[in-house]
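Trainee: Each chain, written out:
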Amino acid sequence: MDEIQMELLKQVADIHGVPQGAYNFRVNGQGAARNTTEHIDIVTKQDKQGIDIIIKPGTKNESVHIPVVLSQSGLTDLVYNDFYIGEDCDVTIVAGCGIHNGGTQKSQHDGIHSFFVGKNAKVKYIEKHYGSGDGSGERVLNPQTIIELAEGSSMEMDTVQIKGVDSTVRTTRAVLADRATLVIKEKIMTHGSQYAKTDFEVNLDGEDCGVNLISRSVAKEHSRQIFLSKINGNNKCMGHSECDAILMDEGSVSAIPEITANHLDASLIHEAAIGKIAGEQITKLMTLGLSEAEAEAQIVNGFLK
Amino acid sequence: MLELKNIAYGVGEAGKGKEILKSISLTIPDNKFIAITGPNGGGKSTLAKLIAGIEKPTEGRLWLDGEDITELSITERAKKGIGYAFQQPVRFKGITVRDLIGLAAGENISTAKACSYLSEVGLCAKDYIGREVDASLSGGELKRIEIATVLARKTKLTLFDEPEAGIDLWSFQNLIRVFEKLHEEIHGSILIISHQERILNIADEIIVIADGRIVKNGSRQDILPGLLGTEGGCRFTCEPQRTAGAEA
Chain A
1 MDEIQMELLK QVADIHGVPQ GAYNFRVNGQ GAARNTTEHI DIVTKQDKQG IDIIIKPGTK
61 NESVHIPVVL SQSGLTDLVY NDFYIGEDCD VTIVAGCGIH NGGTQKSQHD GIHSFFVGKN
121 AKVKYIEKHY GSGDGSGERV LNPQTIIELA EGSSMEMDTV QIKGVDSTVR TTRAVLADRA
181 TLVIKEKIMT HGSQYAKTDF EVNLDGEDCG VNLISRSVAK EHSRQIFLSK INGNNKCMGH
241 SECDAILMDE GSVSAIPEIT ANHLDASLIH EAAIGKIAGE QITKLMTLGL SEAEAEAQIV
301 NGFLK
Chain B
1 MLELKNIAYG VGEAGKGKEI LKSISLTIPD NKFIAITGPN GGGKSTLAKL IAGIEKPTEG
61 RLWLDGEDIT ELSITERAKK GIGYAFQQPV RFKGITVRDL IGLAAGENIS TAKACSYLSE
121 VGLCAKDYIG REVDASLSGG ELKRIEIATV LARKTKLTLF DEPEAGIDLW SFQNLIRVFE
181 KLHEEIHGSI LIISHQERIL NIADEIIVIA DGRIVKNGSR QDILPGLLGT EGGCRFTCEP
241 QRTAGAEA
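So the sequence lines, in the order shown, correspond to chains A and B.
When we follow my numbering, the leftmost residue of the first sequence carries the number 1, and every step to the right adds one.
When we follow my numbering, the leftmost residue of the second sequence carries the number 1, and every step to the right adds one.
Isolated chain B, as found in the complex (with noise of 0.2 Å):
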């Protein structure tokens, strides 16, 4: 169980200068499949961050199953269970899709079981297994590989940041599959960042951020017809997917 209490976060001076995060509370429980949407630059991929510890915040603590983690660094969360998939996937040169797998598996993995992994995500295993995460792979191959490399890992909390996107249509199913299957075998959490009305539609429970704050949060039955329904329009759902840009 992931608790966030009165998490704030600023840049400029001091957190002072621009506050991105305000006074953020949520209880994440085990085994419940969680979405988090909202507008562009509302928040969300810093949230997902500071719970990854890429990011410290200015003000409020994180606890995991009871521990205190506000202080531990990105490697000690990621030791304690917490998987991070990120929106922009990183390239390295001459680091090959099975090292990349085997690094996240943390152990030496056999060849057959790092190809499962790809297969997963609906990659053909054997066009990919040797290829270098470099520029030669398409940003929708990328992301597929980096989803990939999170299933490897078998966290207890699993971050997804907008997997959704650069993911062609054709794809976006197996997708959908991937994350439920997750969820019935992985007795932790997962935690996805989206904009996909297909992807809230398999949640337990929904959380809108917008402006920094919590606007909603409740389960999928109480959130979703009010983001898709008459009321405030489609606000959340309809907006352009993009498939790049960094989002604050």
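Chain A with its partners taken away, still in its complex shape (with noise of 0.2 Å):
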């Protein structure tokens, strides 16, 4: 791997060598590295691109990195990620993709991960994209996720996206069984003319199951956001949804919310705020001694973390 690559790894994985447990790495549309481990088992799928990433039940407290790279301009990948997730399992899976595109042709990559979730299970998902490079080409991100939760599981999913993607489209689809939970956290940052689709929708199945959907995003300059939740309360069960937008310059963003109610003790609830950065925020940081652009930053920054 080149340096670029190395970088690209380091911000989506945060991966500064080789990591511990099992990954496999996928450079420019093709498996770099692998590693499998007693309770992970990681298989090329034959029928198309991608893998699958079996863990065995019981399996606790181990890791899987999947980050792909994309340093070639002009690449358009498609990869199926399975991961089926044993009965009782708590482990932590981190994928992400890096693109650097110093060309001038479009550069994307279309990610689609689909969890089985086993009994009981718990999941800790990590997934970080980020863009760079100073060429005129496009960098292009559509994951898609796919979630199944079996009864008593649970999963945590945390999705960022600060810098230098151009266009994404972000489709999360899960389904809750009994007793079954699910929290997503979304970061967004926008600039330039960049525009990001967030489109989530869930459907609440089991009796005592539960989501919380929380994004939170800046849109800088002339960047364009949208935030589509769709919950679907099916069962007895809680659904909750927060969307925190702050705008800047020319930004917009677009906050879509649709909560069904399909039985009498679904609780479902959306929330949306979107506007500029509160001018008492910037006055408060302002008599701490900082400038309005510090301010600003600082806000900006922790909003995010």
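Simulated from the structure, these hints should not be mistaken for laboratory data.
Just so you know, these numbers come straight off a predicted model, no measurement behind them.
Be aware that a few hints might be false.
Unchecked claim - When the alpha-carbon atoms are kept at most 27 Å apart in a straight line, the in silico DSS-like pairs for lysine-lysine are as follows:
| no. | chain 1 | residue 1 | chain 2 | residue 2 |
| --- | --- | --- | --- | --- |
| 1 | B | K93 | A | K276 |
| 2 | A | K128 | B | K93 |
| 3 | B | K93 | A | K197 |
| 4 | A | K276 | B | K126 |
| 5 | B | K93 | A | K163 |
| 6 | B | K126 | A | K305 |
| 7 | A | K220 | B | K93 |
| 8 | B | K93 | A | K305 |
| 9 | B | K113 | A | K305 |
| 10 | A | K185 | B | K126 |
| 11 | A | K230 | B | K16 |
| 12 | A | K185 | B | K93 |
| 13 | A | K187 | B | K93 |
Join these two chains into a complex; the hints should help.
Mentor: Here it is, written out as structure tokens:
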């Protein structure tokens, strides 16, 4: 791997070398390195691009890293990664994609990740997206996440896209069985003329299941964002979604919530707030000796931390 | 030393719509503890904002240690040593108590040091240091954190706008000690806007502002008996305490 690829890897997966545990690196559309463990197997798909990650029941405190790096301008990469997480597991999965486009052609990575989470298993899923390079070619990422949570299982998904991605459509679909819980925390910052669309749809099918969707975003310059969240309460369940956005310059953000209760004991809440940085926040930090620009930077950094 | 000369402040067209402050002249000497009191809506908070630079006077000038600061921004005044604790502290999503104290101190302070400021205002540091300064904090907690950030700044002139509002009785005695300690340790001046007799009681001087003017100004010994005595009732100190609501 060259320096650019190592830098992308660091940005998306906090990896400074070879990680512990199971991993699969994909570089410019091809598998570059792989490690499996006693409990975690990684198998290349035969019918299409992608891998199956199979985690044996009862696997605890292990991690899987599957970063993708694109540094070749003009490449379009589509992969299917399926995660089979056995019952009673407690694992961390780190995915993410970094694109460096120094050329003039579009580079695109569409990752379709499916999670089949077994009974009472616990998954922490971290996904980071990052773009770099000064070429005029677009950097495009369209991640899809499909989640099936079995009884009593839980998943926490942290998804971050802070820099350099020109266009992204992020689609997440989830179905929850009895007592399953799902927490999704999304952080997005767009600038220039970037476009980011987030599209969540969660079906709360099981009794006493619950979802919490939290999105924080900052739209700078001429960038545009759309936040769609759809929660269907089909049983006795709890659903909450929250979209908080800071607008700067000529940015634009739409928040389109949809909550549907199909059961008397479904309790669903949506909150959305979009606006510029509150003037009093800037004033307060200025009274501590920060300039207006420093105050703004602190507020944005804190908001996306 | 802070000097105000003929300060006026109005709102509306060219500041002529409604006069909030009228011709205020005042000297705040170094190392003095001064309390400002008076009825709600009298212009006290506006005066504090004019000193901090959040509002600009329609007339008059301000000097800090002989330097004309009338045209200086909030940031410049803060850097020259003016600290300001808001009446209604601001909430920030994502910024932690530790971040805010660090920004106030203006340097990378140790966690232990940051905690010491929280302990001073009666908050158990380990419970609060990592918390976000957001809606999860109660008004009283936020108020004490606000005071802690101002303590961390160690400024030569510190303004407190109704620091007692929202603070429970239990913590109040502690708050009094904070001001006394600040007064002893920092050889600067403290300006507190307050309705509380116990705060007025520890001031060197008391200024009474009503209807945009200074109606009384003198040593505590001279002013306080008049405020608490029979003459005119105890109008200024017995008003119901407000816990919220901006003051003009």
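Trainee: Can the restraint linking B/K93 and A/K305 be considered satisfied, given a maximum Cα separation of 27 Å?
Mentor: holds, 10 Å
Trainee: Given the proposed pairing of A/K185 with B/K93, does the C-alpha separation stay at or below 27 Å?
Mentor: holds, 14 Å
Trainee: Mind checking the alpha carbons of B/K93 and A/K276 for me, to see if they're no more than 27 Å apart?
Mentor: holds, 13 Å
Trainee: Does B/K126 lie within 27 Å of A/K276 when you go C-alpha to C-alpha?
Mentor: violated, 32 Å
Trainee: What's the verdict on A/K128 and B/K93, does the C-alpha distance respect the 27 Å limit or exceed it?
Mentor: Cα-Cα ~21 Å, so holds.
Trainee: Assess, step by step, whether the Cα of A/K220 is no farther than 27 Å from the Cα of B/K93, and give holds or violated.
Mentor: Status holds; Cα separation ~18 Å.
Trainee: Is A/K185 close enough to B/K126, meaning Cα to Cα at most 27 Å?
Mentor: holds, 26 Å
Trainee: CA of B/K113 to CA of A/K305, is that 27 Å or under?
Mentor: holds, 23 Å
Trainee: Given the hint that B/K93 pairs with A/K163, test it: the Cα-Cα distance must not exceed 27 Å.
Mentor: Holds, at about 21 Å.
Trainee: Given the hint that B/K93 pairs with A/K197, does the C-alpha gap stay at or below 27 Å?
Mentor: holds, 23 Å
Trainee: Within 27 Å, alpha carbon to alpha carbon, are B/K126 and A/K305?
Mentor: Given that 27 Å is the threshold and the Cα spacing comes to 21 Å, the pair holds.
Trainee: Compare the distance between the alpha carbons of A/K230 and B/K16 with 27 Å, and conclude whether the hinted pair is satisfied.
Mentor: violated, 52 Å
Consistency note: the structure conflicts with the earlier hints numbered 4 and 11.
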